[in-house]
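K.L.:
If you want the building blocks of each chain, they are given just below.
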Amino acid sequence: MHELIIHGAEWTDKIGFVYPNEFIYWSIQIVMYPYMTGLVAGAFVLSSLYHVFDQKDLKEMARFSLVFSLCLLPVAMMPLMLHLQQPLRGIEVMMTPHFTSAIAAFGIVFSTYAVIVMSEIWFVYRVFFVEQTRALKGQSGLANNFKRILYNVLTLGAYELSAEAVAKDKKAVRLLAAIGIPVAGFLHGYAGFIFGSVKANALWMSPLMPVIFIMSAVVSGIALCMLTYLIIMEWQKFRAILAKGRGDASVELLRGVEMDLMTKTSKYLLMFLVAAITLEMLDLIFRGYTAMKSWDVLREVMFKEDFVKIFILQYGLGNVVPFILLLIPGLTIRRTAIALVLVLFGVFMMRWNVVIGGQAFSLSFVGFMHYDLPIIPHNLETYKEGLLGALTVVATPFVLFWGVNKLLPSLTFRKQ
Amino acid sequence: MDCSRRTLLKSACAATAVATLPVSAFRLFSPAECRAETGKPGTRWIFLVDTEKCVGCGLCVKACKLENEVPYDAPVTRTWVERYVITSDGKSHIDSPLGGRDGFTSPKIDGEEINPKNITKAFFVPKLCNQCDNPPCVQVCPVGATYQTSDGVVLVDRKWCIGCGYCIMACPYGVRFFHPVYKVAEKCTFCYHRISKGEKTACVQACPFEARRIGNLRDPEDPVTKIVMTQRVGVLKDEYGTKPQVFYLGLDRSVR
Amino acid sequence: MRNHVLRPLWLALAAVAALLVVRYFMVPKDFGVNGRSFTYGFHRLSSVTDWQKFPDKYKGREYCKDCHEEKASENGASKHRNIQCENCHGPALGHPDNPDKLPIDRSRELCLRCHTKLAYPGSQRGQLKGIDPERHNPGQHCAECHNPHHPDQEVG
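Residue numbers (the numbering used here), protein chains in the order written: chain A, 343 to 758; chain B, -10 to 245; chain C, 3 to 158.
Do not rely on the hints blindly, as some may be mistaken.
[Unchecked claim] To be clear about the criterion: a stretch of chain C counts as covered by chain A if any three or more of its residues have a C-beta under 8 Å from a C-beta of chain A, and this derived list gives those stretches: (1) 7 to 17; (2) 65 to 74; (3) 130 to 141.
[As the list claims (entries may be wrong)] Below, in silico cross-link-like pairs of lysine-lysine (DSS-like), each with a Cα-Cα straight-line distance of 30 Å or less: (4) B:80 <-> C:67; (5) B:80 <-> C:131; (6) C:131 <-> B:148; (7) B:80 <-> A:635; (8) C:31 <-> B:186; (9) C:67 <-> B:186; (10) C:119 <-> B:110; (11) C:67 <-> B:226; (12) B:148 <-> C:59; (13) C:131 <-> B:106; (14) C:55 <-> B:172; (15) A:646 <-> B:148; (16) B:42 <-> C:31; (17) B:172 <-> A:541; (18) B:189 <-> C:73; (19) B:106 <-> C:119.
[As the list claims (entries may be wrong)] If you want the ones that stay clear, here's a sample from chain B, every Cβ over 10 Å from chain C, calculated: (20) 60; (21) 135; (22) 229.
Simulated from the structure, these hints should not be mistaken for laboratory data.
Just so we're clear, the structure is a prediction, and the values are computed from it rather than from any experiment.
Backbone N, C-alpha and C fix where the C-beta goes; we use that ideal spot for every residue, glycine too.
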């Protein structure tokens, strides 16, 4: 007989009095979704800091984070497709959007954002596409032919390389980067609104949610770009050392550029980190002070059930420790890397504590639900909504980047 | 590059405005914007629960599951009955085994024996979808798969629901769930297929003690309407502004 | 020199146009704002009739009376007259065509729904006659001594 699957029953453990239909319906993939969209938004904002606000020291980072932002885009869709009970109907959000729902905004905001990112990339790489089309002319081989045709299509027929045309490209990039910032803000602000507007959920309901989400999204985006860039730079350094020896000038150059960039970018990271934690503290203090009907059960969840997850892992390891690490003078690569990993972990825990934490207590306010993340899947559902499903989502942008980077090289650095 | 920043901002605003154009396209091309009256004209369905009459037999839950094809053994149900036992120490003992599907056949609550001498009051509370006047579940549906009919019943379009679960999260009463077979959102429909034909809902018909009744708020002669208008009735969680249309006689402050 | 700057915009607009074309075919023609408002009435109109056409399973006492007159009047004179036949026998569905016989449930659990004694003050349950299922003839079918259709009578 076909197994009857009650969505949520498998990984929900009920304690106390919980309404019969209550299960943890929004599980790991709903934690992943705001996390991935946050990375998208953050990566884009980082890129825009260079293009719009002329932060020249971020030039190398800007190109990289823009391309990485593109790789993160389709991945932002993945958690939703894995979560939906009817994934093939997902397109309905674009067909009949019910705009009173925050999720309906997804269709518009996401498409707008995708268009902006892709357009900006086009303007940044147009000259490269034209140059490549010309360079590959006359070169034989299937791969070269394929590449040439692809680049040709990507030029969209705009072959002008005059100074005027290139200036127009730069102006367009600036414009798109500027528009993109509020749109990236929207993309993540609305994700915060999805939760913040649910009056039925005592933990989620707060006007601060959209702002908290935006701040921590930017934090995670900057941290991810810094970390990925750092890893790639370390790899290049390693190759240079293997080829030319440790003391070689090229290795020193790499090291210098890298540290410089890390120190400067980390200042932006710290600013947003402070903003994020301030808002979260404000939310917590207000709830405790006003002590509404839900306060008793929320206090149980936050200070007993989820104490370690919230105060030790998220605030402690994810906020305070990296804050200190980045502020201690004489920043090293190793310390930066540790701080960045902790920041990314902290933002992930924030998403977890909001999504899962909001379902840790029953609507009855006298019951609790424990979430047992499925580790080893035994059917499609426990794969999609389990650890492996989450890891699939995490791995995909890197896999995509490996491929996309061949088309849109983004890892050059300027020779001083 | 002196006035470039101003031009940049100007163009940015204009471009953002242009980017919102696709939104209006949806309205231009939207099919049939007919303000059709769905459901029985001159009707607003309401429900009355008498917690003093309910004995916790659970025959309503059984009838609902069988009438509405909700898998009998699944731990989800369109309606359920909760048991409240308040003891002299002020504690509330609450349970709802399988939603009350098999009734309450043991005095133990969650395996705990309660001394009958300590019970100060005890009662049963049937619950179902409140068919709210301002349903938050309808407001949050991203695709228009759930809606309110003109006679006040909130329904789910099984062919259109994408199964995101937002409506389930938005309901303060916990009446929604995912149907295990159809894999879409599911909830009590006031047996819309029955009341539209002049029949009673399965649970109202099944109840031997008249603890459940359905009526029409727009009909002043309706016996249920008369009770709601003249007697002291309560509703669940009124602080959320949902305007629920299931009214309770004998609603105690300990009811969750 | 043609201005190339707007090319991505044309591409985006083409994508929107494609979406609108797909939408024309995918979305049912009766989908729109029906009834009260966009907030509460945005749906496919025919969904309402879909629900109205949902088949009935329970038919009610009057339906059973047509053929089972004797049982119905016996029951109608007893303390169990407010219990629907289908409460214990399950929904009529297409009976007598399909199924030709409705189940007869002789389990103790069926009767214990009401007759497990729970002395609850303030609830009608406290007033129902009941037993302690662990003490009163455990394991035996209730119907061996009590007539479910007319419990006031002794079973012969």
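K.L.:
Determine for every hint whether it applies to the structure shown.
P.N.:
Right, here's what the structure says about each hint:
no.: 1; hint: 7 to 17; in the structure: holds (count 7)
no.: 2; hint: 65 to 74; in the structure: violated (count 0)
no.: 3; hint: 130 to 141; in the structure: violated (count 0)
no.: 4; hint: B:80 <-> C:67; in the structure: 47 Å, violated
no.: 5; hint: B:80 <-> C:131; in the structure: 27 Å, holds
no.: 6; hint: C:131 <-> B:148; in the structure: 48 Å, violated
no.: 7; hint: B:80 <-> A:635; in the structure: 17 Å, holds
no.: 8; hint: C:31 <-> B:186; in the structure: 27 Å, holds
no.: 9; hint: C:67 <-> B:186; in the structure: 21 Å, holds
no.: 10; hint: C:119 <-> B:110; in the structure: 15 Å, holds
no.: 11; hint: C:67 <-> B:226; in the structure: 42 Å, violated
no.: 12; hint: B:148 <-> C:59; in the structure: 22 Å, holds
no.: 13; hint: C:131 <-> B:106; in the structure: 19 Å, holds
no.: 14; hint: C:55 <-> B:172; in the structure: 20 Å, holds
no.: 15; hint: A:646 <-> B:148; in the structure: 43 Å, violated
no.: 16; hint: B:42 <-> C:31; in the structure: 47 Å, violated
no.: 17; hint: B:172 <-> A:541; in the structure: 25 Å, holds
no.: 18; hint: B:189 <-> C:73; in the structure: 23 Å, holds
no.: 19; hint: B:106 <-> C:119; in the structure: 14 Å, holds
no.: 20; hint: 60; in the structure: 14 Å, holds
no.: 21; hint: 135; in the structure: 8 Å, violated
no.: 22; hint: 229; in the structure: 16 Å, holds
In summary, the structure is inconsistent with hints 2, 3, 4, 6, 11, 15, 16 and 21 from the numbered list given earlier, while agreeing with the others.
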